Structure formats: C-alpha cells, structure tokens
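Starting from the known structure of chain A, fit chain B onto it as the hints suggest.
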Amino acid sequence: MNKKIIGIGEYISEKAPMIIVTLGLGSCVGVCIRDKAKNIGGMVHVMLPQNNSKENIKPGKYADTGIELVLEGILKQGGEMRNLEAKIAGGAAMFGNSSKSMDIGKRNIEAVKSILKSKNIKIISEEIAGNRARSIEYDLQSGNLQIKKVGGGEKVEILII
Amino acid sequence: MSLYDNIDKIRLDALKELGNIGAGNAATSISMMLDKKVDINVPDVTVVPMSDLWKKFINPEEITAGAMIGVEGELSGAILFLVGAEDIKKLLEMMMLPRPEDLTQLDEITTSAIGELGNIMCSSYIVSLSSFTGFNIHSMPPNVVVDMVAAVVAEVSLINSEGEDYILLIETDMKVENYGKNILGYISYIPDEKSLKQLLGKLGLGIDND
Numbered sequence: 001m002n003k004k005i006i007g008i009g010e011y012i013s014e015k016a017p018m019i020i021v022t023l024g025l026g027s028c029v030g031v032c033i034r035d036k037a038k039n040i041g042g043m044v045h046v047m048l049p050q051n052n053s054k055e056n057i058k059p060g061k062y063a064d065t066g067i068e069l070v071l072e073g074i075l076k077q078g079g080e081m082r083n084l085e086a087k088i089a090g091g092a093a094m095f096g097n098s099s100k101s102m103d104i105g106k107r108n109i110e111a112v113k114s115i116l117k118s119k120n121i122k123i124i125s126e127e128i129a130g131n132r133a134r135s136i137e138y139d140l141q142s143g144n145l146q147i148k149k150v151g152g153g154e155k156v157e158i159l160i161i
Numbered sequence: 162m163s164l165y166d167n168i169d170k171i172r173l174d175a176l177k178e179l180g181n182i183g184a185g186n187a188a189t190s191i192s193m194m195l196d197k198k199v200d201i202n203v204p205d206v207t208v209v210p211m212s213d214l215w216k217k218f219i220n221p222e223e224i225t226a227g228a229m230i231g232v233e234g235e236l237s238g239a240i241l242f243l244v245g246a247e248d249i250k251k252l253l254e255m256m257m258l259p260r261p262e263d264l265t266q267l268d269e270i271t272t273s274a275i276g277e278l279g280n281i282m283c284s285s286y287i288v289s290l291s292s293f294t295g296f297n298i299h300s301m302p303p304n305v306v307v308d309m310v311a312a313v314v315a316e317v318s319l320i321n322s323e324g325e326d327y328i329l330l331i332e333t334d335m336k337v338e339n340y341g342k343n344i345l346g347y348i349s350y351i352p353d354e355k356s357l358k359q360l361l362g363k364l365g366l367g368i369d370n371d
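The listed protein sequences correspond, in order, to chains A and B.
With my numbering, letter number 72 in the first sequence gets 72, and the count goes up by one each step, no holes.
With my numbering, letter number 12 in the second sequence gets 173, and the count goes up by one each step, no holes.
Just chain A, with the same shape it has in the complex:
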C-alpha cells in the first residue's frame, strides 16, 4: 500500500489506494477530507487557526489557507464538493493550561470546524481535545482514520474512526 507522511504545516491530496500519515499532533489538528464516491481525498496538518501574513510561504500551516488547498487538490483530481466528508483529529492541550500555549488546540478546532461548516462539508467523526498527542493514518480507500495515542498502561492505543 502506498503511504505518504506529511509533517507540520504540510498538505496533500491524492487518489486511492493511498494512506496519508501524520505524526505527533499535539495542539495541531489533522483535517482529513475525502470524496466518498470517488475515493479522492487529502489531509492537512494545521498548526494555527488563521493566516494573517500576506506572504504565503507555508499556507498549509493555517486552517483557512490549508483546508482551501486540500479542497483545491481534491477538486482538481475530479472530486466533487457534494460528495465530500471530513474527519478531524488533534487539538489537544498537552501541557494543560500552561500560559505559554494559550490553548492553541481549542482555537484550531474552532477554526477548522467553522471553515468546514462554511463549505458545507460534514464532519462525520472526530477525535479531538484532551491532553494526549495523536498520530493518524487516513486510508483513502475505506475512509477509515486510524488514531494512535498514549493510553492507559503505558501502551499506545489504536482507535479507528
């Protein structure tokens, strides 16, 4: 199976068969979008809610510009807006209420949700907030999103949503 790993602030749109992976989502949010009829989908590893800078050096870092680019990629490959569904993961507060992090996770989730809502893309499942980091694998064929996070007993727990 083809696998592609994206890092913080990166994005990708591909056709199935393909598994898109991103590691270590803390306060970042992994936004997964897929055309469920044609199995074309993408992911972006969002780091901050909004792109305020005029020069777009790394547009994938931000919820607004990042999601836009994933959508563009999906549509370009033949996906259709009306078939799109989304799954999101991440947005944790790993360091509790530390003043430094200022709850970026929560703000990222809010931004992602409102952008998806404005585009009429339904979030069919989510695994968000909490205080644990997550690694995710998105299978474009089945639409399954596999999430790994540290659970009880010092083991890495695997969930599929």
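Please keep in mind that the hints were generated in silico from the structure rather than gathered at the bench.
Quantities reported herein were computed from a predicted structural model and do not represent experimental measurements.
Even for Gly, the Cβ is constructed at its ideal location relative to N, Cα and C.
Take these hints with a grain of salt, some might be off.
Computed, partial: chain A to chain B, Cβ under 8 Å [said to hold, decoys possible]:
| id | residue |
| --- | --- |
| 1 | I8 |
| 2 | G9 |
| 3 | G26 |
| 4 | M47 |
| 5 | F95 |
| 6 | A133 |
| 7 | G152 |
Chain B alone, transformed into the frame defined by chain A:
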C-alpha cells in the same frame, strides 16, 4: 531572508558551547542530587524546518516523560528535559520515591517529582546561561508531560516558534551511570527567534537582516 538561513558553522559552534555550559551544569546538579556519575555528550545544534521535525526520531512513538520549563526575562523560549518511560522510573527510585506502576496515570507525588527533577536540571541550565551571557533570565514552573517523544518535541517547538517555519534546537544527551546500566536523558534549549538573535549578538556573532 530568515535568521535561520544565516546560522553558519561558527554560529553553530558558539551555540554548541552554550549548550555545553548549560547541560554541563544541569548534569552536575543531578549528579550531586543522586550521588552518581553523569556524563554528557557534545551538544547538537540543529536548525529544523517544522515540517521535518518528525524525521528526527527513530521511534517517534516512544513514550517519554519529562518537563518543559519556560524561560523568561531578557531571553525567552523553553528548556525541555526528557527521559524514556523505563528510565524515568529508575530515576525516581534513585530519588527514594515509589516506582510508578503506570506513567500514564500519574499521581500527585510522581508528577511533582518529575517536575522537580526537571526544575533542578533546567534551573541550573538557566543559571549558567545567565551568568555566561549576562542576560537576566529566570525559569517558570515546570509543566510535566508523558507522551510520544515526537509529539512532545514538536509541541514545545511549536509553542516557542511563534509561527516561524524553522526552529533551532540545542540538544544534549546525557547518561547517569547506574551499576553498569545507564539511564539516558535528553535536555534541550529551544530559544525563540528573538532570543536567538540576542544570544548571537551577545556572543559577537550578531546577524543583521532586515
């Protein structure tokens, strides 16, 4: 042109020396507390694009425990102290504390012990950094964390990168000798961009951009 494009070999070496002084003092304080020999490696200074951070780890999902200590004052950023799941238990035992059964369900005593360990190490780091550079800096209370190593380093970098595309890590590996079985630890100073500029300026290696 970003500041991070201008970090050449001589600047890397200067920052390595800073790491050496900081981590050396951190190692001395933990060595005195545990009454064990502690060795440190030559520090590693790397400029990493945020998007490539995950590539640094052989096993990004390894569970580690540690503490992040914020730096405030004339410099900012954070110092991160991390130890693998098994090794942190050995360290706690050396501190005459009960061995935690499950690191993912920490009780108050263990949390505060890990925080204190981080505090002692990172405060000595900060004190030596302060006396070497002459900057007036102090440490914030520790934030204890138990999670996958790649995520912890990424999150701390993220908090201090302020949206920048690059992060500079001054990393040092250390080992505590424990009857032939070494305990491996990791301490890293992660300055933000502004502090990095100030540090280099102080060392006579300032970069004039913009």
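Hint check:
no. : hint : result
1   : I8   : holds, 5 Å
2   : G9   : holds, 5 Å
3   : G26  : holds, 4 Å
4   : M47  : holds, 6 Å
5   : F95  : holds, 4 Å
6   : A133 : holds, 3 Å
7   : G152 : holds, 6 Å
Every hint from the earlier list agrees with this structure, and none is contradicted.
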